[in-house]
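Line by line, the protein sequences are chains H and S. Here the working numbering is used: the first residue of the first sequence is 1, the next is one more, and so on. Here the working numbering is used: the first residue of the second sequence is 1, the next is one more, and so on.
The hints are all genuine.
Think about it this way: if two alpha-carbon atoms lie no more than 30 Å apart in a straight line, the pair counts; the simulated DSSO-like pairs of lysine-lysine are: (1) H/287 x H/324; (2) H/635 x S/249; (3) S/463 x H/355.
Only part of the chain H face toward chain S is listed, based on derived beta-carbon distances under 8 Å: (4) 471; (5) 530; (6) 596.
Listing some non-contacts, in silico: residues in chain S with all C-beta distances to chain H over 10 Å: (7) 90; (8) 111; (9) 322; (10) 323; (11) 424.
Rather than coming from a laboratory, the hints here were simulated on the basis of the structure. All C-beta atoms, glycine included, are put in the ideal place defined by N, C-alpha and C.
The primary structure of each chain is shown beneath.
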Amino acid sequence: MRRIVCPVAAIALAAMGFAANSITQEKYTATERRHWAFRPRTQPQPPGFTTPAGKAWTSNPVDAFVLARLQKEELPHAPPASRQTLIRRAYYDLTGLPPTPAEVAAFAADKRPDAYEKLIDRLLASPRYGERWGQHWLDLVRFAETDGFEYDTHRPDAWRYRDYVIASFNADKPFDQFVREQLAGDEMDPANHEYIVASGFNRLAALRKNAGNQEVASSRNEVLTEMTNIVGSALLGVTLGCARCHDHKFDPLRQKDYYRMQAFFAPVHENDFVTATPSEKLAWEAKNKELDTEISHLRQAMKGLKGEERGRMMQRIRDTEVLKPGPLPGLYGVKDDMEKRSPIHVLARGDYQSKGDAVGMRTLGVLLPDGSPELDPATAKPRMELAAWITSPENPLTARVLVNRLWAYHFGRGIVATPNDFGRMGARPSNPELLDWLANRLVEGGWKLKPLHKAIMMSNAYRQASTSPASALGMEKDPGNEYLWKFSRRRLTAEEVRDSMLSASGRLNLKAGGPSIMVPVDEELTKLLYKPAQWQVDQDPNQQHRRSIYLIYKRNLRLPIMEAFDAPDMLISCPRREQSTHAPQALELMNGPFANDTARAFAARLDREAKTPEAQVALAYRLTAGRAPSPRELKLGLEFLKANPMSEFALAILNLNAFLYVD
Amino acid sequence: MSEHIRWCRSRREFLTDAFCGMGSLAFTQMLFEERARAATANANPLAPRPPHFAAKAKSVIFLFMAGGPSHLETFDPKPLLNKLNGQTRPKEFGEVKYQFVANNARILGTKRTFKRYGKSGIEVSDLFPHQAGIVDDLAIIRSCHGDMVVHSAAQYQLFSGRIIPGFPSMGSWAVYGLGSESNSLPAYVVSPDPDGALEGGQPMYMHGFLPAVFQPTMLRAGKKPILNLDLPPGVELDTRRNTVELIRKLNEANLKATVEAEDDEFRARMNAYDLAFRMQTEAPEVFDISRESQETLELYGVGKEPTDDYGRRCLLARRLVEKGVRFVTVVHGGGPGNLQWDAHEDIEENHIRMAAQSDQPAAALIQDLKRRGMLDSTLVIWGGEFGRSPEAQGGKGRDHHNYGFTMWMAGGGIKGGQVVGATDDIGLKAVDKPYHFRDIHTTILNQLGLNQDALSFMHQGRKERLTEVHGSVIKEIV
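The shape of chain H in the complex, shown without the other chains (with noise of 0.2 Å):
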């Protein structure tokens, strides 16, 4: 089996005859290393086909691996997906938006073979494709703008690296690529203004700070901890967080090897790299110095006050110094500062008061061969030597990862069920195959992913009906749909859910990328904050229209809708959105003033683009089920309309299955 080890740190080490202690002790078994995800990828080549139905059905090699494991289950594929389901499920998928209603008419229209590549092309070449995408990976790094606990202090730079993960998307830039400009930006380039946002990635965690006396070692303690369990979840897709307090229970993952994980992370230090003009200095000081004086005002009328009178004096001064402005304008970014680095120990039960061993730089144990060094701690640019390790070709886990993220997204689960963690309690691949060809694809195409959701996409596995002639046989045998045997319907997300009442209602605003936008809320939910005057409303309605990646993430206040359709509250990393279904969720899009205010604005745009009762019904479901009402559905829409408002009519539409669920 070859192991994998950083060149560069080899030969350093190599020529230093470096040794720590007890390293060349360390070992792992034979059994412990034979785990699947810890073995090098197989070149797996795809099943052939004799029946003439089989070839017909499997030219794409991604339908090879799954019509063989569907077979091997005895489960027959499903139908393919009327062209108009497709073009709907394709938009969602790719740019989280429906087709507009001429959208779907055309391609339904188009008889030209290549009509779907097109659509691919197209979709995948959209801007719209970093936005929906983009969002995924924010997800996984449990991206936000402020630092939570109680001050839930915002970072008011940090939408720039939403706008970088955005804009990566979008060039499909190699995947290794942004992986090292996320963990080393800084490293490869201190002064690329780009980078320096893209390193803000070792810094998005939650941040405690308080006042009185400072548990400096404690604080410092969780931020590296924040740093280094990231790698593990969101890269390597293992529970490296579990050997933090002990040797992990159920992967050969030493605690060492957590703090030898962490020792990469020693040196790093925030960088709020400013890059505000002399004028800008001089207005932030002048405004600064202005709610200053204020402050030392009302803190002179509070001396004479007591109970309860003090404590809204109190109020009123937290409310002021609110409005200071943040810091300058810049770069929110990390740093080395060799001089300041933080020495590693491994930590009894995680407790930085209880240090054992000092550890240094080293990257996972089993996968290096026993008795590996660490890296001399004079190694220069840690980071890039750990990005190096995780973005090598010959890394089992990263390609694997991330062509199972990609499929889960497609297609609603993984080929790993348990995106984030593909150790021995994690599920088993259903189709090892299937996955080690799509990693050995990407590595092959230079870590470019839009190639591999093409492939995915043109796959008469991803084209399939979402219900099947043999579904009684399917639901029987695979309820989960785990090989396959037709396309899982699933529930809009949430910011597809907002995305698309906007998009319906006429009133989606598709501006890209800058400041993040605070949308009006009741009041009662600002009042949950420690510091409600944090929440500063962005009064232009059409910034309150803008898509739902723009608005900010604030810790400590998720809009209802996001909170109710499941969207993660980007305290821990998030490798797959829930589609929970429960009351709140109904009496939000019945009662909730978002759901009334955008139904009035969807009605208004019925009565102007359709003149008959039967053009405004069909209309309704052209442009929220992406397809003509049955006759059914017209004459009860027709019926309702007879005796009540059309905004309750659209207010029902936005309510619908069939608009809520991409079959």
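With the hints as your guide, set chain S onto chain H.
Chain S in isolation, oriented as in the chain H frame:
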């Protein structure tokens, strides 16, 4: 910080996920029962489920004294404190770390006086004349301790067992374990203080990585306590009934799967609309406390200051539990520190004011539950995220203090009229039978009939549970 969820979509996945890694034979029976429970949970995550073993309590009410009430001024008399007033702490008590004051700060005596009450003769300070009257129902735990001395992290630990946000709160765990007994009310309710939010913010009450169905319903001040429960302005109930009817018919028209099971999600969503509409029409009744007798209103101090607000919310907690709500947190204190129990500046001024607002309502809740025969099945907990320092801050205040402080439990099978554990002679550290937050959590689960190990949720290869490290049931009181 740990990683996120994998929530299972199929029953089979649920069964595999929820139990891998649990090898012990002793668990076999529990495992079997848990599987039966899980199967129910999969069909409807809020369906009521039997506990792991016979439960004492059906519901929990947590009277959360936000900001950290002083144990030294309430339930933990320390005569030595007054003798040492103005001196630095004698060496034999050891060292601790505070948020603000240093280790050489001066000891602050208390102005409160303590007397013995009830048959049990437990000492309670003059701050709490009402709670003194029900002391025979209370199990007072004087030896509580936590790991964090700052609000947000301590609040996270109190609610979720972790010092970082992102983990499910005890209310979410309780509902995850037992489902809901009500089909027209939310199962887990938080009633925040109208004065404002706390340092831990929303995340401390939340469901973390559990599915959104286990999230709390945050009540709001005023006449519309549940978000989106009221019709939007200008919409009549009859019209809206037609709209809901239209939604149902159009959704039915859209059912098209070849086999019924394929449309389960569609049906679940249709049912969610039915429940939502039922909540809308039935829930407002439970919030209307004018239906209570004048005597009851007076018992809670409703209609007079300074007890009106907390009295109303405690009374509402009883009404919710009566209707089958599983877990209610009633927060006392919010906004800036001085509107919480966070008495950095002046312990006297702050605690006299805070006690006057909440003492009577807290005692009334116990009395009211008891006379209605509900106390046996309702576990009531009182306490904050920490206590306060024996040393003075700025002369008259007390700093945060997590090394030893008091909480109490009552009802739900708890043996009242007793004191458990003790702090040292100046109330610095829990020295006799120290109980950590995880032991409080274990005891709460125990009273609900839930086993701390079996109540778990698998994510990222790790069996997550409320008590990260195994806790102990406080055996003296159960």
